[in-house]
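All chains should be modelled from the sequences, with the hints used to inform the complete structure.
Number of protein chains: 2
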Amino acid sequence: MIRKFTFGNPLSTDAVIATIPSSMDALPYFTSPETGSFLYKMEEDTLIYGLGEAVRGINKRGWIYESYASDDCNHAENKRSLYGVHNFLIIDGKKDLFGVFFDYPARLTFDIGYTSSNRLVITPQDNNLDIYLIESDDINDIVTQFRQLIGQSYIAPKWALGYGQSRWGYKNAEDIRTVVRRHREEHLPLDSVYMDIDYMDNYKDFTVNENRFPDFPSFVEEMKREKIHLVPIIDAGVKIEEGYSVYEEGVHNNYFCKKEDGTDFTAAVWPGHVCFPDFLNPAARRWFGLQYNTLLKQGIDGFWNDMNEPAIFYTPERLTNTLKELGDYCGRNLGVDDFFELKGKMEGLSNADEDYRSFYHNADGKLLRHDKVHNLYGYNMTRSASEAFEELLPEKRILIFSRSSYVGMHRYGGIWTGDNMSIWGHVLLNLKMLPSLNMCGFLYTGADLGGFGENTTEDLLLRFLALGIFTPLMRNHSALGTREQEVYQFEKSDVFRNLLMIRYGLLPYLYSEYVKASLKNKMLFRPLRFVYPKDSRAAQIEDQLMLSDELMIAPVYEQNVSGRYVYLPENMRMIRMRSLKDYDTELLPAGDHYVTIPLDTVVFFLRPNCIIPLSDGGENITEISGISLKLLGYVTDTASYDYYDDNGYEKDYGDPAHYNTIRVTASGNTKVTGERRLELSIASI
Amino acid sequence: MIRKFTFGNPLSTDAVIATIPSSMDALPYFTSPETGSFLYKMEEDTLIYGLGEAVRGINKRGWIYESYASDDCNHAENKRSLYGVHNFLIIDGKKDLFGVFFDYPARLTFDIGYTSSNRLVITPQDNNLDIYLIESDDINDIVTQFRQLIGQSYIAPKWALGYGQSRWGYKNAEDIRTVVRRHREEHLPLDSVYMDIDYMDNYKDFTVNENRFPDFPSFVEEMKREKIHLVPIIDAGVKIEEGYSVYEEGVHNNYFCKKEDGTDFTAAVWPGHVCFPDFLNPAARRWFGLQYNTLLKQGIDGFWNDMNEPAIFYTPERLTNTLKELGDYCGRNLGVDDFFELKGKMEGLSNADEDYRSFYHNADGKLLRHDKVHNLYGYNMTRSASEAFEELLPEKRILIFSRSSYVGMHRYGGIWTGDNMSIWGHVLLNLKMLPSLNMCGFLYTGADLGGFGENTTEDLLLRFLALGIFTPLMRNHSALGTREQEVYQFEKSDVFRNLLMIRYGLLPYLYSEYVKASLKNKMLFRPLRFVYPKDSRAAQIEDQLMLSDELMIAPVYEQNVSGRYVYLPENMRMIRMRSLKDYDTELLPAGDHYVTIPLDTVVFFLRPNCIIPLSDGGENITEISGISLKLLGYVTDTASYDYYDDNGYEKDYGDPAHYNTIRVTASGNTKVTGERRLELSIASI
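Same order as they appear, the protein sequences are chains V and Y.
First residue of the first sequence? That's 1 in UniProt numbering, and the numbers climb one at a time after it.
First residue of the second sequence? That's 1 in UniProt numbering, and the numbers climb one at a time after it.
Misleading hints may appear alongside valid ones.
Since the list gives no way to pick out one identical chain from another, each pair is judged satisfied if it fits inside one copy or across any two copies.
DSSO-like, lysine-lysine: derived pairs with alpha carbons at most 27 Å apart [said to hold, decoys possible]:
{"hint": "1", "residue 1": "Lys-671", "residue 2": "Lys-324"}
{"hint": "2", "residue 1": "Lys-297", "residue 2": "Lys-372"}
{"hint": "3", "residue 1": "Lys-343", "residue 2": "Lys-171"}
{"hint": "4", "residue 1": "Lys-372", "residue 2": "Lys-258"}
{"hint": "5", "residue 1": "Lys-324", "residue 2": "Lys-259"}
{"hint": "6", "residue 1": "Lys-492", "residue 2": "Lys-79"}
{"hint": "7", "residue 1": "Lys-345", "residue 2": "Lys-171"}
{"hint": "8", "residue 1": "Lys-224", "residue 2": "Lys-651"}
{"hint": "9", "residue 1": "Lys-492", "residue 2": "Lys-94"}
{"hint": "10", "residue 1": "Lys-259", "residue 2": "Lys-224"}
{"hint": "11", "residue 1": "Lys-372", "residue 2": "Lys-224"}
{"hint": "12", "residue 1": "Lys-324", "residue 2": "Lys-79"}
{"hint": "13", "residue 1": "Lys-79", "residue 2": "Lys-516"}
{"hint": "14", "residue 1": "Lys-492", "residue 2": "Lys-95"}
{"hint": "15", "residue 1": "Lys-492", "residue 2": "Lys-41"}
{"hint": "16", "residue 1": "Lys-79", "residue 2": "Lys-227"}
Just so you know, the hints here were simulated from the structure itself, not pulled from any lab data.
Shown next, in the form of structure tokens:
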């Protein structure tokens, strides 16, 4: 059951699609100890799930989080905000079980047992918000109800589940050709190459630098012949430049965010001074979205939206004032207080709260100061693109994902988990984020594998990929100036090839589960607790995940080890794959196990009476057969699998022709229902 | 066997005390692929131990480390240098087993399988260095030989193994009184309060602010009556101020580091402009050391030396030039390249390489550019203090520990592991550093428990302390502006009290082992591999340690869990302590175990036929009896323990009266040899 509680006069966020009347009752569970805060008393063992993209554990207890979309690449435990804002929690205690969504677009803090270990205190900036309360006896049902409330998740084209290579620093077509050639020559699977900011003409959105990419449409075609999709980045800020049509149209139509005095607000990012499209203004949103057509027309069919918190390097006024103020320190003998003040001023140049308070949106004629709706900005940028795709190419799926997001944006696109680092802790952090993001509808997601900032190592990249082969978005991405981390840069190319090939082997299963999770409002990755609610050990497992109904994953996230502990809540069959052809399986009883997982091995676990369909692999998505499948399972009695497949780019998800049900008995008898003829073989059951 | 290999004309570091002639042979094991580098080819399974204070694992493979003493509070995986420099490695492979010490005081890099997974490449700046090679069949013997080479480790007074409370921000005597009162009122054990920079008059070394601490000697006396030792901080930089005697004497005697033109080098730290004492000049070193007498005479008997990498906030020239250069950006439209350049200039203000190249030491008349001997600075600051204590109070142990260090400094004082953060990862990082530091002679060491920077949580502090009860230095320290983290600030005061009391219960054992480890050149904390060299699982354990010969520890370092996995290389007896009086024990067979360890519980493991002596606890060190002892052990046959104790402040370690041997049989018969009469009882064997 879902109930809505309205406080004050909330701004519309379009996070929720269902129309629910506000309850006249008092909000249960919570009290309001101070004006504007909501207090819930947790029991000693209460688990708190949610918050989507956030630091720390699957269980969020023991920290204070802040919902305020932030461009901060240091995703350390002590941070409170990341790029996305997902104000959904599930409270899972002995006494209470419920979900709660705080639909509130400004800064919101969640003190989850930080100040006082058993108190959950949620504090908005003002008292205008909607709270949705979702109750059920089944935690999975709470998620499904919430997802029904917020609408069906975006579904990416099938090719976007292939492996993608990215780097800030591929400066021209030749660099990209090299990346593709090296993969193809070495038979390393690849479906896409991402184009970071380098491809643009002076970092102007929707332009292509003609010196670096002469005849871009031909290059896109050339890449298509190589079965490679190019995926350009689009930034939120529009360069201020006379003669640049996007800028001029924006100015002419008042499509940019304004200062209080009604002039266009100017900030600076990659190209220097920019204006921010007012994505909360429906006309501006449509206008900006239609700009993507410039690239669609050149053959592009995928994009990633960046810098849309929005990140602000500086504003011209702040830069001038700061530098003037800094000048006053010149020649002085600065003690600690003055020096820290100086440093603070330097560090305060970017993403300043004051700047976020100094510009306005025009939402259907209503003037909104940015900080009050800050968390909706990236969401509506991606909505802008997605709505345009729907208008321009209604039949076709276009890849789109974003850095910043808010609940609701999951209907329009995916997200990647931002600018992480090449550190081991970020393998585990990514794992922990996955179920939290899935709860909030973000299914098409993944981390920058290998790590974006800082220098990776071969073993880190291998272990990162060994998690990434399970995430819908599987992209290797790194920053300018860091070690080159395409898989061919390292010594163990056979191991990388086998690892990527295992992904392509898993694709029939992963794609089927991914699309079904969207259609059925389910999670792809779940904490163990969601499957084994009575298992107290499972409740504390923070480094394993259930993948759909069939699998459990337990990647290695530490350096210099060749194994790890795994907790099995029930008997499972362990699959230890060195390649699609070279693997062994072992039945393991419920309980604790130390499992050997060398660098060249991927391990996953099959639940009893479950099967998954595998392909024979391939070097890109077009080589993956959805018909000829090998079944891998753990069947003691009978297993049944609902298999979904389609052509990968249309939206006819409901077509019954896309569905088969595969049944297998312990003796290996298979039976398939559904229109499509599958060619099944048993790999191992 | 130890061999010395001399290349070029090395600078003297005084790291080594033994005189060994340089070998005429070629350096074995290593080749020199490029001029100046030393290459060793590792096998796939070769383990690399060492490097003392460094990020990442006990096994250092898979990263590139840089020996260059650095003031960097972000001890993240991607960092290459921390405060201390400890160029000792043990190579532990199937083929080779040896230790190697690179005695080289300038920047030195260790690429341990980073660039190429099986290559260890060590690169100095120039070819003037001594390399010591230590061979033995026993890895423990390699350590002992190395420690004999570098000399006996500093031994702290016994009270310095009591619990200490610290915070940057105790601004006056009243603040400290409150800290003491709260501990005493709530029966929370405490032996010392640390005085951070706030106590000084304008951050001038060896001064006390008379407004904040009127009649300081009386205050020291008052604290002594409370059984509290006050431990002031001393910084490397001496404030430039006319009339300040330390500054004036330094100038007058040419005791400060000089610029190339012979004038005093000026940098800035806490007090603004400072000069750096030239600790490499023996006369300056003695002069600075004798300054500590100002505080010794007021009753102080412990110090910590800080900022001695040396940290440089800025130099006046760099500040002026930087601010001038920044001014040139004013009013400009900066794109990404210019903006990143601007940011780089701002960030380059502190600890600039160029500044370290711009001043000189006068070592026995020889002019040395600082960067060539950078890693010796903190070492010689602490040596300066320690040599003065020896001169002023030869009979008495004075507490002294340092932030920066180099091998050799372990003879003069301890170290704390620098300005860590209140994050869970730093519990584990501290554990991993301990054996590496012990190898290099640093026995008196510990982390800032609860975390220095950022805000702690109650559970983090509890888990941090549960590791800290085993480290000789057990100090809770936090930074200005962070959450207050004295144990009485939190809800679970009983749990904190019990935890601290367990430390005091363990003290007879810990003190005995600590002193013996110094006298016998042994490690207090060892990787499991050192005790179980044939156990391949033990070789990969990075989150458990052997404590001396009797115990294994396995602290919890994750949030929201009430247990962890523990690997037992042999049968052990698990002790699960909620308090000194409330504990249970369980015999566990060798192998893997999931062990429940709630927040209120300390767990450790006793090896077979081992006993340890416990006290009944106490609220400070004077209440701990070294005579009336309870024996806790795991005795199936007979156990024997060599017990050391003394009065805690004299240096007569060789006095046979300090030694007893306690023998216990499985049936509980005890037998004690030694002069001292012990009152033994059996707690549990």
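Verification of the supplied hints:
1. Lys-671 x Lys-324: neither (77 Å within a copy, 79 Å between copies)
2. Lys-297 x Lys-372: neither (36 Å within a copy, 60 Å between copies)
3. Lys-343 x Lys-171: between (34 Å within a copy, 23 Å between copies)
4. Lys-372 x Lys-258: within (15 Å within a copy, 56 Å between copies)
5. Lys-324 x Lys-259: within (22 Å within a copy, 31 Å between copies)
6. Lys-492 x Lys-79: Only across copies: Lys-492 and Lys-79 sit 25 Å apart there, 35 Å inside one copy, limit 27 Å.
7. Lys-345 x Lys-171: The answer is between: 26 Å across copies meets 27 Å, while 34 Å in one copy does not.
8. Lys-224 x Lys-651: Close inside one copy (21 Å), not across copies (79 Å); limit 27 Å.
9. Lys-492 x Lys-94: between (49 Å within a copy, 22 Å between copies)
10. Lys-259 x Lys-224: Classified as neither: same-chain Cα gap 44 Å, cross-chain 63 Å, threshold 27 Å.
11. Lys-372 x Lys-224: Neither: 44 Å inside a chain and 56 Å across chains, both beyond 27 Å.
12. Lys-324 x Lys-79: Classified as neither; 30 Å inside a copy, 33 Å across copies.
13. Lys-79 x Lys-516: Intra 34 Å, inter 43 Å, cutoff 27 Å: neither.
14. Lys-492 x Lys-95: between (52 Å within a copy, 23 Å between copies)
15. Lys-492 x Lys-41: This pair counts as between: shortest inter-copy Cα distance 17 Å, intra-copy 52 Å.
16. Lys-79 x Lys-227: neither (40 Å within a copy, 39 Å between copies)
Checked against the numbered hints above, the structure breaks hints 1, 2, 10, 11, 12, 13 and 16 and satisfies the rest.
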